[in-house]
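> Got chain P sorted already, so can you dock chain B onto it with the hints?
As a plain string of letters, each chain reads:
Protein chains: 2
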Amino acid sequence: MPDNAPAAALDLTQDGPALTAALVDFPSVSGTEKPLADAIEQALRALPHLTVDRYGNNVVARTRLGRSERVVLAGHIDTVPIADNVPSRLDENGILWGCGTSDMKSGVAVQLRIAATVPEPNRDLTFVFYDNEEVAADLNGLGHVADAHPEWLEGDFAVLLEPSEGEVEGGCQGTLRVLLHLDGERAHSARSWMGSNAIHAAAPVLAKLAAYEPRRPVIDGLEYREGLNAVRIEGGVANNVIPDACTVVVNYRYAPDLSMAEAEAHVREVFADCGVREFVVDDHSGGALPGLSHPAAEAFMAAVGGIARPKFGWTDVSRFSAVGVPAVNYGPGNPLYAHKRDEHVAVDKIRHCEERLRDWLTVRLP
Amino acid sequence: MPDNAPAAALDLTQDGPALTAALVDFPSVSGTEKPLADAIEQALRALPHLTVDRYGNNVVARTRLGRSERVVLAGHIDTVPIADNVPSRLDENGILWGCGTSDMKSGVAVQLRIAATVPEPNRDLTFVFYDNEEVAADLNGLGHVADAHPEWLEGDFAVLLEPSEGEVEGGCQGTLRVLLHLDGERAHSARSWMGSNAIHAAAPVLAKLAAYEPRRPVIDGLEYREGLNAVRIEGGVANNVIPDACTVVVNYRYAPDLSMAEAEAHVREVFADCGVREFVVDDHSGGALPGLSHPAAEAFMAAVGGIARPKFGWTDVSRFSAVGVPAVNYGPGNPLYAHKRDEHVAVDKIRHCEERLRDWLTVRLP
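Chains P and B, in that order, are what the protein sequence lines are. Mapping of the first sequence onto the UniProt record's numbering: position 200 corresponds to residue 200, and the numbering continues sequentially without gaps. Mapping of the second sequence onto the UniProt record's numbering: position 41 corresponds to residue 41, and the numbering continues sequentially without gaps.
One chain only, chain P, in its complex shape (with noise of 0.2 Å):
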């Protein structure tokens, strides 16, 4: 489709499972995400309760009825390549199937869904549709949002209708990534006496990460689990030559209780007596406190129903986090699906969910 085309238009009175079926239809791979963007736009600015802003191919939409609360719902509108799944299949055990339907064109159609059918929620929303989510870190759109008009996504609490099978996950972990580089000096293996071996200097690293105890700490209710581990190690020159460098690639997946700075420092220390030489952060994104105790994600909880779950993985919940705003993952998709070719999604959960945050943001507030 050419930039310039007309975008072809969603009908947002249709029910979420086939909203979610169109927009699953309606490709849009990173990257490739401008029709499905000017599609959004066009039909939220045909709804006169909401006031439109875009940024590239980010779409924000919010009430403003001077609520005393403002609760933002949050969801990439990108998808992973497609993979032979598209155009979705809806089969007789109500089960619709395609590239996007859990991660997450389902969570997509019910925030379209609120949108259309909540014009005076008990509580002002905050709509964010966001590009670029499965790609690099740096083109994500809710990143750009954040930092060109952070004010779009004030709020009190945030939803990310991120797959998570209808139930709540808290906050996230922080996820760093350090690369620590061991020295030796190159002889020829014949006459090994003549250097020193870099992949043995790597011996007190690994056994610190095989004796590593990890934390498991509980943070408003939820019990997180932290990991430390190699995920790649390289050494070596050639097979007749003490190799002079080695390098281990260590993972840190931390609870949201600490920060940056303190999770960095814990690594540091972590190999502080191994002889790193050099000691490099080469990727490194903070947790999410859940926030569970903030009224208006006690009064989601209370609205949804069932037991909060901690996030092990990284989400842009952390986003929210850093520009002050509580944040949870809360969507219809089944995570374990996301990315695959079989991905899929129940029809019932994409109807639950959108139910459940309908009764919570139209309840008479006290």
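There could be a bad hint or two in this list.
[To be verified] Label-pair restraints from in silico Cβ distances:
1. B/Y212 to P/T32: 53 to 61 Å
2. B/E278 to P/R216: 32 to 40 Å
3. P/G56 to B/D84: 25 to 33 Å
4. B/E278 to P/V323: 49 to 57 Å
5. B/P150 to P/F279: 55 to 63 Å
6. P/P217 to B/E278: 37 to 45 Å
7. P/E213 to B/D283: 36 to 44 Å
8. B/P217 to P/H284: 45 to 53 Å
[What the hints assert, rightly or not] Partial list, derived from the structure: chain P residues whose beta carbon lies under 7 Å from chain B:
9. L179
10. R186
11. A187
12. S189
13. N197
14. I199
15. L206
16. A207
17. G227
18. N229
19. A230
20. I233
21. I242
22. F312
In short, the hints are calculated from the structure, not lab data. For glycine and all other residues, C-beta sits at the position ideal for the given N, C-alpha and C.
Below, chain B alone, put in the same frame as chain P:
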């Protein structure tokens, strides 16, 4: 030069340094030795006191004087690829520069000079010129001759004219390369407790290597120095995946008092308790005893003078050892410059080496 072109002639009446220069100027990178083998065969066939045999590009010439002892003088005629260092150049300080000057056309020149100038040696002589020493072990011409015509290599003592700076280097150490495979189970690194980290599983292997105390056994008066080293380590799937496999490549350089089976058993024993899933012998070449207590070797040492040194690297003396012929390395080249762009040899060393060998092979035996 086409394969069937007449061989360029080699003049064996010129002195050792001049003959070395002629050999260097006759390029014979591994795999292209035929013209040089032709020239050597033709030059040797012109000598009436020698019987000449050929197998591939390997030339073997023997005296048949019925002496009580037979000595083998052996050298490879190939070089590593030329690095802008041919033709040869003799500088004003008596240094001859060029590819193969050290490794080992100066040694080949000495062999040819002895062949040409010692028609009635005190011991029967066998001259072996072979190809493909600088490439994979299975291409090695000396190995091919040992397999096809082992009787051509028979003798009481062998001198391999590999570069040793005119010092005798006895025997050689064995070299064993083993792949140690460690196992784990993949999982997302955000939920590391669902898997098992194969890189962490390598911790005991690296600990053993770091703590290993290599032997320094004395054999025939020579102190060898062993080494057990990781020469490569590899593990990792992706930056967010707990790796299910890690491989440590270990090189054991061992003194020649151990058999190949003993060396392998030793390495298996070192890593017996380290949780290694699979132990794969990737490459193995046995050591060679120095054989300096043999009467021919004692006479050789007395003739060439100096104090024998142990040979730490692996050389083709091991192939002689395998067929029951004790062998030493003794050649004019400097091994430190072998395979280098600035490869060179001192012409004095060439003359010295030739003279010492001639003395040894012409002195009246008691």
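> Could you run down the list of hints and mark each one as holding or not?
Evaluated hints:
1. Judged by the Cβ atoms, the range 53 to 61 Å given for B/Y212 and P/T32 holds: they are separated by roughly 56 Å.
2. Distance hint for B/E278 and P/R216: a CB-CB separation of about 34 Å, consistent with the stated range 32 to 40 Å.
3. P/G56 and B/D84 have their C-beta atoms about 55 Å apart, which leaves the hinted 25 to 33 Å range violated.
4. The hinted range of 49 to 57 Å is satisfied by B/E278 and P/V323, whose Cβ atoms lie roughly 51 Å apart.
5. Checked against the hint of 55 to 63 Å, the C-beta distance between B/P150 and P/F279 comes to roughly 58 Å, which is consistent with it.
6. In this structure the supplied range 37 to 45 Å holds for P/P217 paired with B/E278, their Cβ-Cβ distance being about 39 Å.
7. Restraint check, P/E213 to B/D283: a C-beta distance of roughly 40 Å satisfies the suggested window 36 to 44 Å.
8. Roughly 52 Å separates the CB atoms of B/P217 and P/H284, a value that falls within the hinted 45 to 53 Å.
9. Because the smallest distance between the Cβ of P/L179 and any Cβ of chain B comes to about 11 Å, over 7 Å, the interface hint for this residue is violated.
10. Hint status for P/R186: violated, given a least beta-carbon distance of 11 Å to chain B, over 7 Å.
11. A hinted interface residue such as P/A187 counts as satisfied when its beta carbon comes closer than 7 Å to some beta carbon of chain B; here the least separation is about 9 Å, so the hint is violated.
12. A least Cβ separation of about 5 Å between P/S189 and chain B falls short of the 7 Å threshold, and the interface hint therefore holds.
13. A hinted interface residue such as P/N197 counts as satisfied when its beta carbon comes closer than 7 Å to some beta carbon of chain B; here the least separation is about 5 Å, so the hint holds.
14. Annotation: interface hint on P/I199 holds; nearest CB of chain B at approximately 4 Å, less than 7 Å.
15. Look at P/L206: its Cβ gets to within about 4 Å of chain B, closer than 7 Å, so that hint holds up.
16. Hint status for P/A207: holds, given a least beta-carbon distance of 5 Å to chain B, under 7 Å.
17. Below 7 Å, beta-carbon pairs count as interface contacts, and P/G227 has one with chain B at about 3 Å; its hint therefore holds.
18. Here the hint on P/N229 is kept, as its CB sits about 5 Å from the closest CB of chain B, short of 7 Å.
19. The beta carbon of P/A230 comes within 4 Å of a beta carbon in chain B, closer than 7 Å, and the hint placing it at the interface holds.
20. Taking 7 Å as the C-beta contact cut-off toward chain B, the hint placing P/I233 at the interface holds, the least distance being around 5 Å.
21. This hint holds: P/I242 has a C-beta 6 Å from the nearest C-beta of chain B, less than the 7 Å allowed.
22. The interface hint given for P/F312 holds, since its Cβ lies 5 Å from the closest Cβ of chain B, which is under the 7 Å cut-off.
Consistency note: the structure conflicts with the earlier hints numbered 3, 9, 10, 11.
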